[in-house]
Amino acid sequence: MIKLENVTKIFPSKKGKDVTALDNVTISVNKGEIHGVIGYSGAGKSTLIRCVNLLETPSKGKVWINGIDLTKLSKEKLRQTRQKVGMIFQHFNLLKTATVYDNIAIPLKLLGIPKAKIAERVNKYLQIVDLVEKKDAYPSQLSGGQKQRVAIARALSQEPQVLLSDEATSALDPETTNSILELLLKINEELGITILLITHEMNVIQKICDYVYVIENGNLIEQGSTIELFTKPKQATTKKFLNTISQRKLSDRLIDDLNLEGKVIRLTFLGENTGQPLLSRVTQQFYVEPNILTANIIELKNGIVGNLVIHLIGNEHQVEQSLSFLREQGVEVEELGVN
Amino acid sequence: MQNFIDQWLPLFPQAIKETFQMVTISLFFSVIIGVILAILLILTRPGQPLQNKFVYQFLNLLINVIRSIPFIILLFFMLPFTKLVVGVTIGVKGVIVPLVVNAAPYIARLIESSLLEVNQGVVEAYRAMGIKTHQIIWNVMLREARPAIVLALTIATISLIGATAMAGLVGAGGLGDLAYRFGHLRYEAEVMYVTVILLVIIVQGIQSLGNRLAERMKKD
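Chain order of the listed sequences is A and B. Throughout the first sequence, residue numbering follows the working numbering, covering 1 to 339 in sequence. Throughout the second sequence, residue numbering follows the working numbering, covering 1 to 220 in sequence.
Among the hints, erroneous ones may be present.
As the list claims (entries may be wrong) - The calculated lysine-lysine pairs, modelled on DSS-like cross-linking and capped at a C-alpha distance of 27 Å, are: (1) K83(B) - K134(A); (2) K115(A) - K132(B); (3) K53(B) - K75(A); (4) K219(B) - K132(B); (5) K84(A) - K117(A); (6) K124(A) - K132(B); (7) K219(B) - K124(A); (8) K3(A) - K31(A); (9) K17(B) - K93(B); (10) K135(A) - K218(B); (11) K115(A) - K219(B).
Unchecked claim - Far from chain B, some chain A residues (derived; all Cβ distances over 12 Å): (12) T8; (13) G42; (14) E76; (15) K84; (16) V85; (17) R154; (18) D166; (19) D210; (20) I245; (21) I255.
None of these hints come from the bench; they were simulated from the model. Predicted model, so just to flag it, every value in this text is computed and none were measured. All C-beta atoms, glycine included, are put in the ideal place defined by N, C-alpha and C.
All chains, full assembly: derive it from the sequences and hints.
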């Protein structure tokens, strides 16, 4: 549905030091899925999402939406194609001088939708975002979450096939963030709209994404299904992002101390494994003593990931045997503090 | 006092009428020219969709040059041009052309800065929706800038009133001329005082009206 093919974006700078914001990036979002791009600020994620509807023209590469290469379109054709690509923003970008109703109705009018249809559509989408009673309010009278709902209704009212979300929840508090994420999920499920979002918040990825790209310095450094990324992160940056969500990280000193006797192990369970008392079986079978240091369960959109850091005490042979047993059971095993 | 009422007061309605005429007519034309110039400046500015260095720099220079010339000099400097445009160089008609030339670049700058304050994110959102540039100018930029533009035009109107005081030099009359000819040249202090008071009242009135209007348009 959305495809970036080897997209490179270079910003020329006056001092002769050109900035490469995106370096040969390829992503592909299937119809009906939600994909997320996560990265720190300055990583290039904003440029990436702005390349999808050509608000930023790629220096190299192709941009496909629904089988059409946007980089080849005339200005007029591009304008028409953009009408089918909705976009929401971190700062909502509503007209201050217009009511909620008008904020949705004005673009429809400018796009040439007949008058009778406009009222019908505005009301329909206000209902979907649950803001009917705020129809005559001005944006300044709304909370951040409500403003984002208006922006979402505005985007949906053009009945797009694709929705781009540029840090849509970054200016919102955690509770409002959750309600906006739920709304995005609902839109995705009920209206079948494909969503590409960028964010620096791991919980956004966790709650609604099917697939994740990690971007750093304009390069995609890691990608995979959300479950893969949460269970087998490879890059240091990815692990750092995961640490923001759960108490995963123990201090190096603590780990070194504990490693003097036994081993500190991170176990990552996926799906049905979370329900099995594997640890007690290990204890009984191999005569090792596990001491639980941290434990948590993360609910992803498509599954549940359990995370356990244990201190395993026992003789070396028994510890090794228990680890291979756990691996056989499909548990991801990582020894911590071993370089 | 009676003397003032009999001799000088009847001159005022005519002078007020002339000032009013000069201000409204020249304001009308300078707003049209000013808005067009401001939109051109915004659109051709570096980084904008229609960026054009040549047009942008040329307009900038033109506006700066005109704005450097004091109105009283412009008034005489432009005599041949005025004659070409309206056929005469004296009276209300003769002063409108220099007033417009004086006010339009000023208004262009004021409106340019009002438009620059419009949240660029909204403009971008509308571009992302596939809305045409001219529709964005009208429905987003000018719309969102309305309160600021009203305040800008209030300032422009008041400075136009100031400029019309010099119109007497080409026989266009008005309040300024009245104060100068009778108040100053004929030592009729009362005429001077009354003119000043009238001007203060008019300027105050316009400013409060502008403030109130802008406040009502602002929705935040």
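Mind checking the alpha carbons of K83(B) and K134(A) for me, to see if they're no more than 27 Å apart?
violated, 58 Å
Verify the proposed pairing of K219(B) with K124(A), using a straight-line Cα cut of 27 Å.
It holds: about 25 Å lies between the C-alpha atoms, which stays within 27 Å.
Closest CB-CB distance from E76(A) to chain B, is it above 12 Å?
violated, 9 Å
Interface-negative label, V85(A) against chain B, beta-carbon threshold 12 Å:
violated, 7 Å
Does T8(A) sit more than 12 Å from chain B, CB to CB?
holds, 21 Å
Pairwise hint evaluation, K132(B) against K219(B), where the allowed Cα distance is 27 Å at most:
holds, 25 Å
Please work out if K135(A) and K218(B) have their alpha carbons no farther apart than 27 Å.
holds, 18 Å
With the threshold set at 27 Å, check whether the alpha-carbon distance from K3(A) to K31(A) stays at or below it.
Between K3(A) and K31(A) the Cα gap is close to 11 Å, so the pair holds against 27 Å.
Exclusion check [I245(A) not at the chain B interface, CB over 12 Å]:
It holds; I245(A) is separated from chain B by about 29 Å at its closest Cβ, greater than 12 Å.
Does K132(B) sit within 27 Å of K115(A), going by the straight-line distance between their CA atoms?
Given pair K115(A), K132(B) holds - Cα atoms ~19 Å apart, limit 27 Å.
Minimum C-beta separation from I255(A) to chain B exceeding 12 Å: can you confirm that?
holds, 45 Å
Does the claim that G42(A) lies off the interface hold, with its Cβ farther than 12 Å from every Cβ of chain B?
Holds: least Cβ distance 19 Å, greater than 12 Å.
Against the hints set out earlier in the document, violations occur for numbers 1, 14, 15, 16, 17 and 18.
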